[in-house]
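Note that the protein sequences, when read in sequence, are chains A, B and C. Heads up, the first sequence is in this note's numbering, so the first residue is 3 and it goes up one at a time. Heads up, the second sequence is in this note's numbering, so the first residue is 3 and it goes up one at a time. Heads up, the third sequence is in this note's numbering, so the first residue is 3 and it goes up one at a time.
Please keep in mind that the hints were generated in silico from the structure rather than gathered at the bench. Some hints here could point you the wrong way.
[As the list claims (entries may be wrong)] Quick look at which bits of chain C chain A covers, simulated, 3 or more residues with Cβ under 8 angstroms: (1) 68-77; (2) 108-122; (3) 130-136.
Treat the numbers as computed from the prediction; the structure is a model and nothing was measured. All C-beta atoms, glycine included, are put in the ideal place defined by N, C-alpha and C.
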Amino acid sequence: MNRAGKPPGPDGGQVPPPIPGMPTQHTGQQIKIETRTVPLTTSGNGEMLDITPDASRLLNSVGMVEGQVTMFVPGSTASLTTIEYEPGLKQDFPAAFERIMPRDIPYEHDKMWHDGNGHSHVRASTVGPSLVVPFSGGRLMLGTWQQIVLVDWDNKHRTREVIMQFWGV
Amino acid sequence: MNRAGKPPGPDGGQVPPPIPGMPTQHTGQQIKIETRTVPLTTSGNGEMLDITPDASRLLNSVGMVEGQVTMFVPGSTASLTTIEYEPGLKQDFPAAFERIMPRDIPYEHDKMWHDGNGHSHVRASTVGPSLVVPFSGGRLMLGTWQQIVLVDWDNKHRTREVIMQFWGV
Amino acid sequence: MNRAGKPPGPDGGQVPPPIPGMPTQHTGQQIKIETRTVPLTTSGNGEMLDITPDASRLLNSVGMVEGQVTMFVPGSTASLTTIEYEPGLKQDFPAAFERIMPRDIPYEHDKMWHDGNGHSHVRASTVGPSLVVPFSGGRLMLGTWQQIVLVDWDNKHRTREVIMQFWGV
Numbered sequence: 003m004n005r006a007g008k009p010p011g012p013d014g015g016q017v018p019p020p021i022p023g024m025p026t027q028h029t030g031q032q033i034k035i036e037t038r039t040v041p042l043t044t045s046g047n048g049e050m051l052d053i054t055p056d057a058s059r060l061l062n063s064v065g066m067v068e069g070q071v072t073m074f075v076p077g078s079t080a081s082l083t084t085i086e087y088e089p090g091l092k093q094d095f096p097a098a099f100e101r102i103m104p105r106d107i108p109y110e111h112d113k114m115w116h117d118g119n120g121h122s123h124v125r126a127s128t129v130g131p132s133l134v135v136p137f138s139g140g141r142l143m144l145g146t147w148q149q150i151v152l153v154d155w156d157n158k159h160r161t162r163e164v165i166m167q168f169w170g171v
Numbered sequence: 003m004n005r006a007g008k009p010p011g012p013d014g015g016q017v018p019p020p021i022p023g024m025p026t027q028h029t030g031q032q033i034k035i036e037t038r039t040v041p042l043t044t045s046g047n048g049e050m051l052d053i054t055p056d057a058s059r060l061l062n063s064v065g066m067v068e069g070q071v072t073m074f075v076p077g078s079t080a081s082l083t084t085i086e087y088e089p090g091l092k093q094d095f096p097a098a099f100e101r102i103m104p105r106d107i108p109y110e111h112d113k114m115w116h117d118g119n120g121h122s123h124v125r126a127s128t129v130g131p132s133l134v135v136p137f138s139g140g141r142l143m144l145g146t147w148q149q150i151v152l153v154d155w156d157n158k159h160r161t162r163e164v165i166m167q168f169w170g171v
Numbered sequence: 003m004n005r006a007g008k009p010p011g012p013d014g015g016q017v018p019p020p021i022p023g024m025p026t027q028h029t030g031q032q033i034k035i036e037t038r039t040v041p042l043t044t045s046g047n048g049e050m051l052d053i054t055p056d057a058s059r060l061l062n063s064v065g066m067v068e069g070q071v072t073m074f075v076p077g078s079t080a081s082l083t084t085i086e087y088e089p090g091l092k093q094d095f096p097a098a099f100e101r102i103m104p105r106d107i108p109y110e111h112d113k114m115w116h117d118g119n120g121h122s123h124v125r126a127s128t129v130g131p132s133l134v135v136p137f138s139g140g141r142l143m144l145g146t147w148q149q150i151v152l153v154d155w156d157n158k159h160r161t162r163e164v165i166m167q168f169w170g171v
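One chain only, chain A, in its complex shape (with noise of 0.2 angstroms):
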């Protein structure tokens, strides 16, 4: 993790315009469409998997050039977003959420189904499910310093299957 090797720039901003100082346009190619499945284990408890690695390998598999990748993450206890993946905040974003939805309070959810995860639905859906990052020059146009996560908010050990949908010619 260690920074010393850091461009030249703003901290974290830093991203390869599509083809410099030209916007880009495809109109002469047909858009191709590829679904895929990313399987992950998870421990939960606020858990965040770094799958930047998934979204390149596809995304070079893929052949595409220009376009967006879709992501979906099915269920209702985690999330994707994107953050920088180091220790420190590994251990800060779960932490800010077991400050503001806490575990050990009453949820009607844990009443009624008796899951004890209802801290893992709210914060699951407060974050949310979907995330779309473009593409452009067949790089994922990421930040430097700006990795794509799922965060796995349920209460215990979890199997997971990220869709990664491509979309682009």
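Fit chains B and C to the known structure of chain A by using the hints.
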């Protein structure tokens, strides 16, 4: 709301793979766009409406097999997200926001406009107005216990029009 | 910010139907993708910038009638959402996050990196970096009082490049 008929596997994360064990790809067909609006009436105050049946019905009517539906709620006091739509969470989710972004504290918005809905605006902007859900095999790729909801944060009865734009083949 | 000229109907939810009373469909034309970047300068600290005029101007310039714009902010300390962009909420929205995810509490991120912006990261990941807005009839399908905003949560002046990728016919 009986979950006895629940299919095997971990709770809330089931999704049929696009084609079992196989990635899907559609290159020989031209992608279509179809835009629909879903009119709704809400009582506001954090009421959540399950709009999954609307999305499924419209998906059937547009006859697409693979693609995504982009959903968007016009207006600045409502949100779209997913949740397990059951009576407990229908109370828990708005209650969580009442704790963190309470109705009865001063908002500059209310001092200026006297709408009394400053809390509605900050909640709506936190959860967000857009959601993208992929579909494959003619079915929305939701988890078994995951529904798409409109959350109306406004402090009064409202009529809403949710946009559902279908993209696919 | 005078709302006297407000059109009739419920506040904040007006949107022109794609074609009055009719669903829209575009099957005979080939979908295009056009990727643009919008450079911005912010003062950070929860400043919100209205980027609706940029989106509208670019939509006009790409000449599409029906489709969606996928927006994404590279970097891990900023978010995209919609809000009623008026002076009250420009204070209320960051103030709400100062209450729930305060600047002046310990963050592991700050202990490790000494950026002092742990709060910026957790807020950015909560609200999220992506937004998808449909358009029809050549117009973004926003509510009358709903604007698209970049929220810069960082603790200092920043330059940003918001990606706007237009999809449509």
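Hint by hint, here is what the structure shows:
1. 68-77: Holds: 4 residues of the region 68-77 of chain C have a Cβ under 8 angstroms from chain A.
2. 108-122: n = 9 at 8 angstroms, threshold three: holds.
3. 130-136: holds (count 4)
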